[in-house]
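**Student:** What follows is each chain in one-letter form.
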Amino acid sequence: VSEPTDPRPELEELSAVACERRLRHTTVGRVGVVVDGHPEIFPVNYVVDEAGYLYFRTDPGAKLHALRHAETIALEIDGFDTERHSGWSVLVVGDAYRVADPDLLDAVARSGLQPWAAGDKPHVLRLLPTKVTGRYLPGTPWH
Amino acid sequence: MPDTEDQTSPKPIEPPSTQDSPGGDVTHPTVRIGDLDPTECLFLLRWATVGRVAVAGGEGPTVVPVSFVLDRDTVVFQVQPGALARLLEHQPVSFEADGVDPNHHLGWTVLVQGLALEIDDDPDLEPAAEPWSPMDGHVTLRLTPGTITGHRYEMIHSDDEPCGYL
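So the sequences go chain by chain: E and S.
Mapping to the working numbering: the first sequence position 69 is 69, numbers consecutive.
Mapping to the working numbering: the second sequence position 57 is 200, numbers consecutive.
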């Protein structure tokens, strides 16, 4: 139990609008996926479409590369200021599907989510958010 | 104020920008250039202060950022008391940290998987000077690695093809 005089501020919830805004202005996130009961985390670049769906590529070595059915995954983004001791994070949970539609793959590629190596056949996953939550830690004032 | 509550108008798929990239500028194409052995992974973790922990929950995985310290090859971090803390103590846990060296166009990611146990508070281990340290009450957890894996990435320079991490 921390001391009652702890000056650090409390976490605040981010609104849905604030979460969406941060999702649209961030490009790097961490995907969480559970494989045989064991969670895995890996960093990804992602893009967002106008409907709010998230797209990211999979590493050929990653378990998700072999995804054949929808799978519930998480994508987390955050940012922090180590000098002000402030930070925020947004967690998106939803089902991920492999994108097979060539037109959609083209649109995603044009958005900047390119294959990572020449000749590679990228697997692009589409995450349909079902739950989006965010929190914010205001900066600690200087003493 | 948590945030500006302005309305974001619908947009088409957006090209990545470098704004708010936690690990730095990672909008270049990346190529995996090698695995890291556990010793290298632990070395990199000693220079990092923020990571993310993940645990399986009833509604899917949960991923949260944490400040951490590396103590005798274990990862010590704090979370607020509650459902997440209880999950972390009773389920397999993953911890990930990553970093980018923009000067040398290199990036790395390390994944630690194992079990976490609550430990007594130790002022020497509290990552209190960093963000993501819970404030009003906290649970201190020690994640003992079952496996430590990591990869290094090289970012390829390209002005017209901004690209991703993996």
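For the record, the hints were derived by calculation from the structure and aren't laboratory data.
Cβ atoms here follow ideal geometry from the backbone N, Cα and C, with glycine treated the same way.
Hints should not be assumed to be uniformly reliable.
Unchecked claim - Partner residues are not named here, just some residues of chain S that face chain E (Cβ under 8 Å, in silico):
{"no.": "1", "residue": "A197"}
{"no.": "2", "residue": "E232"}
{"no.": "3", "residue": "H233"}
{"no.": "4", "residue": "D244"}
Stated by the list, open to error - Beyond 12 Å from chain E on every Cβ pair, some chain S residues (computed):
{"no.": "5", "residue": "R195"}
{"no.": "6", "residue": "S210"}
{"no.": "7", "residue": "L260"}
{"no.": "8", "residue": "R285"}
To be verified - Stretch by stretch, here's where chain S covers chain E in the computed footprint (C-beta under 8 Å, at least three residues):
{"no.": "9", "stretch": "38–52"}
{"no.": "10", "stretch": "98–104"}
**Student:** Any hints this thing doesn't respect? Which numbers, in order?
**Tutor:** 2, 3, 4, 5, 6 and 10
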